[in-house]
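For chain A, the structure is supplied; the task is to place chain B on it using the hints.
Residue numbers (the working numbering), protein chains in the order written: chain A, 1232 to 1588; chain B, 378 to 778.
It is worth saying that the hints were derived from the structure and are not from the lab.
Since this is a predicted model, take the numbers as computed values, not measurements.
Any given hint might turn out to be false.
Quick look at which bits of chain A chain B covers, simulated, 3 or more residues with Cβ under 8 Å [what the hints assert, rightly or not]:
no.	segment
1	1281-1290
2	1307-1320
3	1332-1338
4	1358-1365
5	1411-1425
6	1462-1468
Built from N, CA and C at the ideal position, the CB exists for glycine as well.
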Amino acid sequence: MPPFPIYINGLGNISPQKTLGNQTFLEEVVGCETNILKCQEPNYRDFVSGDLVRRMSRLIKMGISASKVCLQDAECQNPDAIITGTGLGCVEDTEKFLTCMIKNNEEFLTPTSFIQSTHNTVGAQIALMLKCHNYNFTYVHRGFSFESALLDARLQIQEGDLSNILVGGIDEMTNNSFLITSRLGHWKRKSVNNLRILESGTKGSIAGEGASFFLVSGNKTSRTYAVLSDQAMILRPRGIPEVITECTKMVDQNNLSMKEIDLVLLGLNGDCINDKHYLQFISALPDSDQGYFKHLCGEYQTASSFGLWLASMILQRQSVPEVIRLKGKFNRPIRTILLYNHYQNLNHTLALISRAL
Amino acid sequence: MADKVYITGIGIISAIGNNVENLEKSLLAERSGIGEISLFPSIHKGKIPLAEVKLSNQQLVELCGAKSDRFLTRTSLLGMIAAREALVKSGVNLEDGYKTGLISATTVGGMDRSEGFFHKYISNPAKGRLRDIVNHDCGDSTERIAQFSGISDFVTTISTACSSSANSLMLGARLIKSGVLDRVIAGGTDSVTRFTLNGFNTLMILDKEGCKPFDENRAGLTIGEGAAFLVLESEELVKKMNKNVLAEFTGYGNANDAYHQTASSPEGKGAMLAMFKALQVSGLNPSNISYINVHGTGTQNNDLSEGIAIEKIFGSAIPPFSSTKSFTGHTLGASGAIEAVISILAMKNHCLFPNLNWTTPMKELSMQPIKKIMKNVEVNHVLSNSFGFGGNNSTLILSKP
Chain A
1232 MPPFPIYING LGNISPQKTL GNQTFLEEVV GCETNILKCQ EPNYRDFVSG DLVRRMSRLI
1292 KMGISASKVC LQDAECQNPD AIITGTGLGC VEDTEKFLTC MIKNNEEFLT PTSFIQSTHN
1352 TVGAQIALML KCHNYNFTYV HRGFSFESAL LDARLQIQEG DLSNILVGGI DEMTNNSFLI
1412 TSRLGHWKRK SVNNLRILES GTKGSIAGEG ASFFLVSGNK TSRTYAVLSD QAMILRPRGI
1472 PEVITECTKM VDQNNLSMKE IDLVLLGLNG DCINDKHYLQ FISALPDSDQ GYFKHLCGEY
1532 QTASSFGLWL ASMILQRQSV PEVIRLKGKF NRPIRTILLY NHYQNLNHTL ALISRAL
Chain B
378 MADKVYITGI GIISAIGNNV ENLEKSLLAE RSGIGEISLF PSIHKGKIPL AEVKLSNQQL
438 VELCGAKSDR FLTRTSLLGM IAAREALVKS GVNLEDGYKT GLISATTVGG MDRSEGFFHK
498 YISNPAKGRL RDIVNHDCGD STERIAQFSG ISDFVTTIST ACSSSANSLM LGARLIKSGV
558 LDRVIAGGTD SVTRFTLNGF NTLMILDKEG CKPFDENRAG LTIGEGAAFL VLESEELVKK
618 MNKNVLAEFT GYGNANDAYH QTASSPEGKG AMLAMFKALQ VSGLNPSNIS YINVHGTGTQ
678 NNDLSEGIAI EKIFGSAIPP FSSTKSFTGH TLGASGAIEA VISILAMKNH CLFPNLNWTT
738 PMKELSMQPI KKIMKNVEVN HVLSNSFGFG GNNSTLILSK P
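Excised from the complex, chain A in its bound form (with noise of 0.2 Å):
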C-alpha cells in the first residue's frame, strides 16, 4: 500500500505492567520468575456493570477496559469502526466449554462460555456497550492478527468515510494454554528472571498476555501521540535478507534513509533460535538506537501491540525508558521509530512510526 499516514490519538493499554493510565511510564517494572506475565488488572466495575462484570470472561473485560479508557483519552465517544485482531480468541471460555463437554460426555451444558468463545467477542462486546453500529471486523492471524486489523483500519482512513477507528490487539494466557505450549517447547524450561531474559542464551521465552488499543485517525489532534506512516507484513520471509530489502523499500518509499532511523524496537523474546534473527536484522541499521520489549509484555501473538504501544509513549514524551534499552547513545530526538516483531519466525512484521509535528 502507498505510504498513508494515520495519527495514533488515544491509547489504552492493559499489560503485565502498570500502563492503564498513560500517567506514568515504565518507571516502575514488575519483575517475577515464574515465566509467565500475567497482566495487572484494573477494578473491572470501574468499566463494567457490576452484574456483567460476574458473569463476563476476563479477556471481555480487559478488552472493554482497556478500550474505554483509549476511547477517552482520544475524547472520543463513538469510533466509526471497531477492529480487533487475537491470536487465540477467548481461551478461557473454549477450555470451559470444551472441559463440560468433555467431562459431561454431551449432557448438562451451558451456553454461556460457547458463546463467548467466538473470536469476535471482543470486538462485538465493545460494539455492544458502545451501541456503536458500524463496521466491526476481527482478525484471527498469529503474528499478522494485530497488523491485519492496523492495515484494515489504515485502508478505512484512506478510503476517506471513517475518520476514528478503535483498534486493538489482544491475547490471554491461560494456565492450561501456558502447559501446553510448555509441552511445545515454546518457553524456558528453567525458572528465568523476565527482565533478564536476554542473558539466558537458552531456548524459549517467557509467556505474556495483553489488551492494548488505540484510536487512530485521518485527523491529527493536540492529542496525537505519534503517526503510523506505513506497515509491511512478510510471510514466512526465505530468510532475514528478505526482510532487510522489504524493510529498507518500505523506508525509502517514504523518502528517508535506514540512517534516519533513530530507534528500532525488537520483538526480541530470550528465545536464542528466534533471536538470532533480530540479531541479523539490526546490521543493516548501524546508526540506530537498539530496544526492546517482550521481557515487560512477555510473548504472545499480539505482543507487536505492546510495541505499538511503546513506541508511541516515546514519540510523544521524546523520552526511551531505561528498561527497554538494548544498545545506543539515546542521547538524540527521537524522530522516527522502526519497530520489527517475528512470531517464530513464520510472520514478520515491520511497522514505521514518527513523531507527530
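Just chain B now, with coordinates in the frame of chain A:
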C-alpha cells in the same frame, strides 16, 4: 487503484458436492445434503442431523494430493481443495508478477483435532498428541492453504462467526480497489466438530428435523461444513489478460447490530444497515436486485429479524428470495463464500434455487420464499446476507458482468 472487481474463478466443497460441478447438479436437482452424523461419535447421533461433506479425512487427503494428514486439520483440507479448484478454474498464473493475496476465514480452525487432544489432556496434562493441538489456531488452516496454493504476498484470516467469509470477500475487494493487491483468493472454511454441535445444541437452536428457513414452524439451524474460495481480480488485470469473468463484485457492507451477543434485534437494525451499505456501494436501487440469498438459518430469531429488515429495505417489492442452507446446512465461517458461489451459479444458470423444507408462511411477514426451482429467469444482481454472532452483519452484492 481499480474501480471494478471481477470474479474469475470459484471453488467449493460442501455437503451437496465436492466441487462446483457436483454442487451445481445438486442445486438443479433440488437435492439436500443434510443427513445423519457420521464423522465422529456423539450422543446426538441419530437425533440431530448435520450436513457433512461426504468424504473422510483420508479421502480428503487423497483428493487434494497431500502427502499425509499428519498436521492437516479437516478445516485445512477442505480449504485447500476449494482454493485449488478456484485457482485452476480462474487460469491464474501465480508467477506472472502480479500481487496476489489469500484471505481466508474460519470459526472452528483446528478444533476438529484439538478437541480430540483436549479429551486426553483433561484426564492427564501429559497426554494428548501434540500434532493434534499445534494447528488449533485460525491462522493455521490459512497458512496451509497459502503454502499449498503458492500464495505469499499477503495472507490473513478473518473470524467474525457466521459472517466471516463474506467479510473475507469484502476485504479482498477493498485491497484490490485501493491498489494494495491486484488479485485476491478470498473465502473460508469450517468443518463440523463436537464443539460447535454441542455449542449450538445448548443454545437450543438446532432443528432435529433439519432446518426449515423462513417457515412458521422452524425450530433452528442445521450445522454444515465446507469451504469455498473465489478469485477476485482487478479490472485492469482482467482487461490486460482478456479473462473470462463469472461476475462483478459490485457491493458490500458490514454493520453491527449491537443488540445482544447471539440474538438479532427485533427490528433487524444491523441487517438493514448492512444491506443499505451494500446497495450504496453498488450504486443500485433495491428494485435492481433480482434475487436475495438470505442468511436464513432457520432459527426463530434470525429469520424474523432478517425478514423485517428485508421488508424495510425493499418495501412492497421484495425480490424472490431463498435460503440455500436447507441444501448445504449452515456452514458457519464458510457460509458467506459458499453462498456467494451459489449466487454466481444462479446467475450462470438463469435460475433461482428453492428454499427446501418450506411449507408454512411466517405470520409476521408478508414474504414467502421460492418453493420450487425457477428456471429461465434473468438474474442480474444477487444480494447475499451473512449474519454472525456478535451482531456481525454483512451483505454482498454480485452482478452479471
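Each hint, compared with the structure:
1. Counting residues of the segment 1281-1290 of chain A whose CB falls under 8 Å from any CB of chain B gives 0; the rule of at least 3 is not met.
2. For a cut-off of 8 Å, the count of residues in the segment 1307-1320 of chain A with a CB near a CB of chain B stands at 4, and the three-residue condition holds.
3. Only residues whose beta carbon comes within less than 8 Å of a beta carbon in chain B count, and the segment 1332-1338 of chain A has 6; three or more means the coverage holds.
4. Taking a C-beta to C-beta cut-off of 8 Å, the segment 1358-1365 of chain A contributes 7 residues in contact with chain B, enough for the three needed, and the coverage statement holds.
5. With 3 residues having a beta carbon nearer than 8 Å to a beta carbon of chain B, the segment 1411-1425 of chain A meets the requirement of three or more and the stated coverage holds.
6. Interface restraint, the segment 1462-1468 of chain A with chain B: holds (3 residues with C-beta to C-beta distance below 8 Å; minimum three).
The structure fails hint 1 only (numbered hints given earlier).
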